[in-house]
Amino acid sequence: DGGITQSPKYLFRKEGQNVTLSCEQNLNHDAMYWYRQDPGQGLRLIYYSQIVNDFQKGDIAEGYSVSREKKESFPLTVTSAQKNPTAFYLCASAGGGLNTIYFGEGSWLTVV
Amino acid sequence: GDSVTQMEGPVTLSEEAFLTINCTYTATGYPSLFWYVQYPGEGLQLLLKATKADDKGSNKGFEATYRKETTSFHLEKGSVQVSDSAVYFCALSDSGTGGFKTIFGAGTRLFVKA
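Residue numbers (the working numbering), protein chains in the order written: chain Y, 1 to 112; chain X, 113 to 226.
Simulated from the structure, these hints should not be mistaken for lab results.
Every value quoted in this text rests on a predicted model; they were computed, and no experiment measured them.
Glycine residues also receive a C-beta, built at the ideal position from the N, C-alpha and C atoms.
There may be inaccurate statements among the hints.
Sample of chain X residues facing chain Y (criterion: CB under 7 Å; computed from the structure) [stated by the list, open to error]:
1) Glu154
2) Gly155
3) Leu156
4) Ser205
5) Thr214
6) Phe216
7) Ala218
8) Gly219
9) Thr220
Here are the simulated lysine-lysine pairs, DSBU-like style, with alpha carbons at most 35 Å apart [as the list claims (entries may be wrong)]:
10) Lys57(Y) with Lys70(Y)
11) Lys172(X) with Lys9(Y)
12) Lys164(X) with Lys71(Y)
13) Lys57(Y) with Lys161(X)
14) Lys9(Y) with Lys57(Y)
15) Lys168(X) with Lys71(Y)
16) Lys189(X) with Lys172(X)
17) Lys57(Y) with Lys83(Y)
18) Lys57(Y) with Lys164(X)
19) Lys71(Y) with Lys161(X)
20) Lys9(Y) with Lys225(X)
21) Lys172(X) with Lys71(Y)
22) Lys70(Y) with Lys164(X)
23) Lys9(Y) with Lys189(X)
24) Lys57(Y) with Lys168(X)
25) Lys225(X) with Lys57(Y)
26) Lys161(X) with Lys70(Y)
27) Lys225(X) with Lys172(X)
28) Lys189(X) with Lys225(X)
29) Lys9(Y) with Lys180(X)
Here are the in silico distance ranges between beta carbons for each label pair [claimed, not checked]:
30) Gly113(X) with Asp54(Y): 18 to 24 Å
31) Gln56(Y) with Gly190(X): 40 to 46 Å
32) Gly96(Y) with Thr138(X): 24 to 30 Å
Go ahead and model the full structure; you've got the sequences and the hints to work with.
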């Protein structure tokens with residue numbers, strides 16, 4: 001089935017560690033996005049990529065990094081510089097006219 | 113810049129009640145408008161969309177009409193069910209530098225009681 005796959009679903013990180021969240025899509029979409037959602041809150045854009053080998057910072061990029069080496073993949077690294085990383089992370093993609101965005105199931109990251 | 117404002121929740125209704133969740137937007141161009149639904153612990157699912165003024169999006173008994181004159185896209189359902197309990201996000205997508213950007217409202221939590 002076509003869709004967006006995020007892994008892992010749950011991840012625990014010790015303070016000072018970097019972790020990488022995986023996002024893969026088989027929708028042949030050009031654009032991919034990462035959002036952060038805190039409990040009871042809306043979505044905040046971390047990074048987005050409109051095309052392979054190119055990406056832009058969103059509203060809260062500090063402490064995060066991404067790469068876009070393949071069209072299908074847009075991994076997000078949460079670095080030790082991110083002071084409050086515990087949150088729900090959502091990957092998304094958009095194709096066609098680029099104006100309808102579709103989401104993965106999300107990944108929960110908890111710092112222990 | 114572009115923005116989306118939706119009514120604060122939570123909204124609590126009894127089963128079979130009528131639902132309205134208000135959404136208004138500001139945009140410099142001609143955006144497309146969306147409603148997404150998020151069930152607990154899951155990602156967002158596209159519920160419906162409208163791409164131009166006076167379009168009506170509909171799905172699963174929900175509907176919303178793109179009103180350019182009032183810059184609104186209110187979500188309605190005639191008879192809610194317990195299974196509709198979720199968080200609903202209004203969003204707009206507009207072109208700009210760097211391609212399309214989607215902007216989300218803060219979300220409105222809906223509780224439906226049996």
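The hints, checked one at a time:
1. Glu154: holds (6 Å)
2. Gly155: With a minimum Cβ separation of about 4 Å from chain Y (threshold 7 Å), the hint on Gly155(X) holds.
3. Leu156: holds (4 Å)
4. Ser205: At about 4 Å, which falls below the 7 Å cut-off, the nearest Cβ of chain Y leaves the hint on Ser205(X) intact, so it holds.
5. Thr214: holds (5 Å)
6. Phe216: Constraint on Phe216(X) satisfied, holds at 5 Å.
7. Ala218: holds (4 Å)
8. Gly219: This hint holds: Gly219(X) lies near chain Y, its Cβ roughly 5 Å from the closest one there, short of 7 Å.
9. Thr220: violated (10 Å)
10. Lys57(Y) with Lys70(Y): Holds - the C-alpha atoms of Lys70(Y) and Lys57(Y) are around 18 Å apart, at most 35 Å.
11. Lys172(X) with Lys9(Y): holds (28 Å)
12. Lys164(X) with Lys71(Y): With Cα atoms ~30 Å apart, Lys164(X) and Lys71(Y) stay inside 35 Å; holds.
13. Lys57(Y) with Lys161(X): Distance ~26 Å between Lys57(Y) and Lys161(X) Cα, so the pair holds.
14. Lys9(Y) with Lys57(Y): Status holds; Cα separation ~24 Å.
15. Lys168(X) with Lys71(Y): holds (33 Å)
16. Lys189(X) with Lys172(X): holds (9 Å)
17. Lys57(Y) with Lys83(Y): Measuring from Cα to Cα gives roughly 18 Å; hence the hint holds.
18. Lys57(Y) with Lys164(X): The given pair, whose Cα atoms are some 29 Å apart, holds under the 35 Å limit.
19. Lys71(Y) with Lys161(X): Between Lys71(Y) and Lys161(X) the Cα gap is close to 26 Å, so the pair holds against 35 Å.
20. Lys9(Y) with Lys225(X): Given pair Lys9(Y), Lys225(X) holds - Cα atoms ~30 Å apart, limit 35 Å.
21. Lys172(X) with Lys71(Y): Distance ~33 Å between Lys172(X) and Lys71(Y) Cα, so the pair holds.
22. Lys70(Y) with Lys164(X): Holds, at about 33 Å.
23. Lys9(Y) with Lys189(X): With Cα atoms ~32 Å apart, Lys9(Y) and Lys189(X) stay inside 35 Å; holds.
24. Lys57(Y) with Lys168(X): Holds - the C-alpha atoms of Lys168(X) and Lys57(Y) are around 34 Å apart, at most 35 Å.
25. Lys225(X) with Lys57(Y): violated (41 Å)
26. Lys161(X) with Lys70(Y): The hint holds at about 29 Å.
27. Lys225(X) with Lys172(X): Between Lys225(X) and Lys172(X) the Cα gap is close to 19 Å, so the pair holds against 35 Å.
28. Lys189(X) with Lys225(X): holds (15 Å)
29. Lys9(Y) with Lys180(X): Measuring from Cα to Cα gives roughly 40 Å; hence the hint is violated.
30. Gly113(X) with Asp54(Y): 18 to 24 Å: holds (22 Å)
31. Gln56(Y) with Gly190(X): 40 to 46 Å: For Gly190(X) against Gln56(Y), whose Cβ atoms are near 42 Å apart, the range 40 to 46 Å holds.
32. Gly96(Y) with Thr138(X): 24 to 30 Å: Holds, since Gly96(Y) and Thr138(X) (Cβ atoms, about 25 Å apart) stay within the stated range.
Comparing the model with each earlier hint shows violations of hints 9, 25 and 29; every other hint is respected.
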